[in-house]
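In case you want the letters, here they are:
There are 2 protein chains.
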Amino acid sequence: MVATAGIIIIGDEILSGRTKDTNINWIACKLDHLGIRLKEARIIPDKSDTIIKTIQAFTGQYTYVFSCGGIGPTHDDITTECVAKAFNQKLYKDAEAMRRLKLHYEGTNVEFNEARQKMAIVPTNSKLIDNPVSAAPGYRIENLFVFAGVPKIMWGMFDSILTELTGGKKLKSKTVSSNVGEGLIAKDLEKIENDFFNVKIGSYPYFKPGSFGTSIVLKSEDEISLQKAAEAILEIIIKLGGKGKIFDGNEIDDRSL
Amino acid sequence: MVATAGIIIIGDEILSGRTKDTNINWIACKLDHLGIRLKEARIIPDKSDTIIKTIQAFTGQYTYVFSCGGIGPTHDDITTECVAKAFNQKLYKDAEAMRRLKLHYEGTNVEFNEARQKMAIVPTNSKLIDNPVSAAPGYRIENLFVFAGVPKIMWGMFDSILTELTGGKKLKSKTVSSNVGEGLIAKDLEKIENDFFNVKIGSYPYFKPGSFGTSIVLKSEDEISLQKAAEAILEIIIKLGGKGKIFDGNEIDDRSL
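Chains A and B supply the protein sequences, listed in that same order. Using our numbering, the first residue of the first sequence is number -3, and each one after it goes up by one. Using our numbering, the first residue of the second sequence is number -3, and each one after it goes up by one.
Derived from the structure by calculation, the hints contain no laboratory data. Treat each hint with caution, since some may be false.
A pair counts as met if it fits within one copy or between any two copies, since identical chains are not told apart.
Straight-line distance between alpha carbons at most 27 Å, and here's what the computed BS3-like set of lysine-lysine pairs gives [claimed, not checked]: (1) 148 / 183; (2) 241 / 81; (3) 187 / 86; (4) 168 / 43; (5) 224 / 148; (6) 215 / 16; (7) 81 / 196; (8) 224 / 86.
With the rest of the complex left out, here is chain A:
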């Protein structure tokens, strides 16, 4: 079975345009490397019923769900109380989280006050996620991983839970970069996707000063089909009077043909 995932980004500041989300792409790349298929990402507001419904829909549907944002000390950080409601759990102040936070603030001029202690409150039946950056832990409950929204903190938390994720077979990919327009090769691509039922083909036009063309990305679990399909596409490009080149991977931006 292929492991799937969903991402939930929680925060009014993303929807108002104030903050640019970068977490979706960062997690998407990590999951791609792990062979876990990201199926959907949602950016939702700091609004209880939306958060609860989205968590319930996602955790029921995907192997892993990752949420980012809303676990800080202030009044607009409502993720944890929503997670507890979504899983029908209670909230409690976790002793280990308290210990880590106390240690973190010890010897600084920052007081470990009631608001900051809020960050030690987690749902029952959850498991802490280490935060190597700023101590305040995230947590896992069933298949939901609850992370902070600040990218640097989220990166640390994600890397802390890497061993808990079981990826499927990683999709192999190749890119055929070409100088032919997307509209010229469209019909043939459809034929090739029909011929190679186990290869998924995406077509992405590019434009740069003085030139344009199409990057065709092929993905498959099967290396041989992947290579054959890429060669078939290259052959078509040449027949159409164009130039093309096959690259490994799908993050190629080298269009020097």
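Given the coordinates of chain A, assemble chain B onto it according to the supplied hints.
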């Protein structure tokens, strides 16, 4: 009534991490200026039933819905057929869209072939959206605006439909930038949000080499409440031994206190 909006980003390449979405933030900023409240953004795969369900859910819920991606000439561009199904419409080749595309390709060495003619196919009861960049139009059907996914093209299309959007009263905003930690001011912020029922307060920690602090963003339709709430927060910051400054707007990154 406040106008609301939802954004649907359609494309496997975003979910695989290959392409970074920048359209959500760009549209979010535009909507914020227009006084339209963005309520949710979803990134979904090139998968018919997901696209259809998401369009139906969003158009039933929000004043305006914007979709980006999947209207090109290739086999993986399935947005238009999904839109037609979502609204129970047929597809037809639009004469005006054909005229624009013909004109666009005339005198170039690019053939206006069958695949490219696919870009003139739109749902019945839709209205073309101008594409000043690459001719192939988007379209509007009821409260859904269907745009291309390529940012430069989407920008042009969005600006073409600006006059069709009716914003509400624009939310005014102020930012109180301070050098106090989020956890120190958390409790007082909650009190101020309770005191000023018509002001929404968000709290965003920042870190930079050698310093940290909190930007507190206030939003309201009412200028006077906004100013009073900002002053109340500044007063608290000073009482707490910190420094702070009130700025207009919510995109302030000047933390020189």
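Structure-based check of all given hints:
no.: 1; hint: 148 / 183; in the structure: between (44 Å within a copy, 25 Å between copies)
no.: 2; hint: 241 / 81; in the structure: neither (53 Å within a copy, 38 Å between copies)
no.: 3; hint: 187 / 86; in the structure: between (55 Å within a copy, 25 Å between copies)
no.: 4; hint: 168 / 43; in the structure: between (39 Å within a copy, 21 Å between copies)
no.: 5; hint: 224 / 148; in the structure: neither (41 Å within a copy, 34 Å between copies)
no.: 6; hint: 215 / 16; in the structure: between (29 Å within a copy, 18 Å between copies)
no.: 7; hint: 81 / 196; in the structure: between (39 Å within a copy, 24 Å between copies)
no.: 8; hint: 224 / 86; in the structure: neither (55 Å within a copy, 37 Å between copies)
The structure does not agree with the numbered hints 2, 5 and 8 stated previously, though it agrees with the rest.
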